[in-house]
Amino acid sequence: MPGITADLSLAALLEAAGRTDEALAVYDALTPSVIEAPEHEFDPRSIVFHHVSTVIVRHALLLQRLGRIDEAKAVYAQLAAAEPEQATSYAAAIESLETGKNLDNEPLTFLTGFSQSLSDVGSALQQQRYITAALSGRDLDGLDTERAGFDLITLVVDPSNEAVRSGLVDALYEQALYEGAAHVALAVPETTPALQISAAQALIMSGEEAEARAAISKALDLSSEDQKLDTLYGALQLSALLNDREKAMTLLPELMQLAVNPAEQAAANGLASSLYSHFGEIPQAVSHAEEARQLDDTHERRMTLADLLGRNGQVNDALVILRSERLARPNDPYTLNSLGYFLITRTDRLDEGYKVLARAMLLADSDPYIADSFGWALYQYGDLERAQRLIEGSREDLAPHQHWEIEDHLGDIYWHQGKQDEALAAWQTALDNHPPKLERDAIAGKLANGLTTPVPEKKPLPEIRIDDGEINRQDI
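One point on numbering: in our numbering, the residue at position 421 of the sequence shown is 1442, and numbering is uninterrupted.
Please note: incorrect hints may appear among the correct ones.
30 Å max Cα-Cα, derived BS3-like pairs, lysine-lysine [unchecked claim]:
1. 1458 <-> 1268
2. 1268 <-> 1249
3. 1239 <-> 1122
4. 1480 <-> 1440
5. 1479 <-> 1440
6. 1239 <-> 1479
7. 1268 <-> 1479
8. 1249 <-> 1122
9. 1239 <-> 1094
10. 1239 <-> 1268
11. 1122 <-> 1094
12. 1249 <-> 1479
13. 1440 <-> 1458
14. 1249 <-> 1239
Hints listed in this document are in silico derivations from the structure and should not be mistaken for laboratory results.
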């Protein structure tokens, strides 16, 4: 069996047989003495950290099932120590181990232990294929049928396994197989609020809005007290996809009221910020983003706040955050991308933004979002042909999905190249892919009237040095 799946399977079946001390010993043997968290999502250490996290979570859950709460908390604290910035989230998880709140932690049987092992094997084989493809410079396209096959076999053995079913739904959704995703989510012996929300998301993307709204309503009706917070979170996210502000503003106060601990309150404020931003109410979005950061001061929340400050015209405040994050994470391609794109779109520091984006491209040249940003920088320099090639490449890399911003960029490029029909088609695709209200209104204006701004003037590109994009504290 690949990776650590043999040991995980042994631990699961030992527990099912009632030999819990031996199962705990397996988890102990699998846990390293030093746990290193990845610096960012491109960090290859994330693979090992994922494996270690799986071991520790299962170890802690078994101890919790046995009533050994202090030991469970001590085991889980090893992960918290590896990621001190995520302290708020880990504190909430440790609290759940103690109280049992939001914790579905049933003892493993031979059936559920075996189905968990099957899923582990499928996941490990999939990771092996990803690593092999990365080392050989290949991309893996399409649905991973081998992993899906393992998941389907698991669901035949254990049709009530919601974790495996949700993973298969996500895999189908990722390949834009929306009808299949909705079917798998709903073809279940006993439905749950989470599966109804997953089905609703797929139904929205396949254009079946009435059925999606019905699924959202059913999810809310089915939710127990412990499930209500997560269900509201999902329902509110989908209200943005449906552009249903009235529904969102009806549900949001209930979410805010149910959020009790700092992690829940931070998540609720973060979602409120996202909703207000989507509906074009930027000052309210900034206020909630600031509250979320105060409760849970993480990299992700700081980056979200910086983006909203920029949208609110507070450019210097945003730049202080972005440059500080760049200093703390010098090799994170997405942090570089955020800073570089901000510089080329919200300031007059085009040359600096170009150099920062060039470094991001160097670190992650196959990422479609970074390629789109760099292409848009080239557009600002009047290099429409190279910009077109890069951003069309981003479009191809994202297929079968589409992103409104990439299509909007291509529409502008096509228009200035005299390809009006292609520009209109790209803008229409952008409009169909759920842009926020302010951008949606701007794109609708282009569809109605075309572009009124002149073509960017052709300018020489800046020279790139090896230290370009580096930032020190004096810059901040």
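Hints, one by one, checked against the model:
Of the supplied pair hints, the one linking residue 1458 and residue 1268 holds, its CA atoms being roughly 16 Å apart against a limit of 30 Å. Taking the CA atoms of residue 1268 and residue 1249, the gap is about 16 Å. The hint holds against a cut of 30 Å. With a CA separation close to 23 Å, the supplied pair residue 1239 and residue 1122 stays within the 30 Å bound. Restraint check for residue 1480 and residue 1440: the C-alpha separation of about 22 Å stays at or below 30 Å, so the hint holds.
Between residue 1479 and residue 1440 the CA atoms are separated by roughly 19 Å; this keeps the pair inside 30 Å, and the hint holds. At roughly 56 Å between alpha-carbon atoms, residue 1239 and residue 1479 are farther apart than 30 Å, so this suggested pair is violated. Taking the CA atoms of residue 1268 and residue 1479, the gap is near 47 Å; set against the 30 Å cutoff, the hint is violated. Restraint check for residue 1249 and residue 1122: the C-alpha separation of about 12 Å stays at or below 30 Å, so the hint holds.
In summary, the hint linking residue 1239 to residue 1094 is not supported, as the alpha carbons are separated by about 35 Å, beyond the 30 Å threshold. Taken as a hint, the residue 1239 and residue 1268 pair is honoured in the structure, with Cα atoms around 15 Å apart against an allowance of 30 Å. For the given pair, residue 1122 sits about 14 Å from residue 1094 by alpha-carbon distance, which is consistent with the 30 Å threshold. A hinted pair counts as satisfied when its Cα atoms are at most 30 Å apart, and residue 1249 with residue 1479 does not qualify at roughly 55 Å.
At roughly 26 Å between alpha-carbon atoms, residue 1440 and residue 1458 fall within 30 Å of each other, so this suggested pair holds. Simply put, residue 1249 and residue 1239 have alpha-carbon atoms about 12 Å apart, close enough for the 30 Å limit, and the pair holds.
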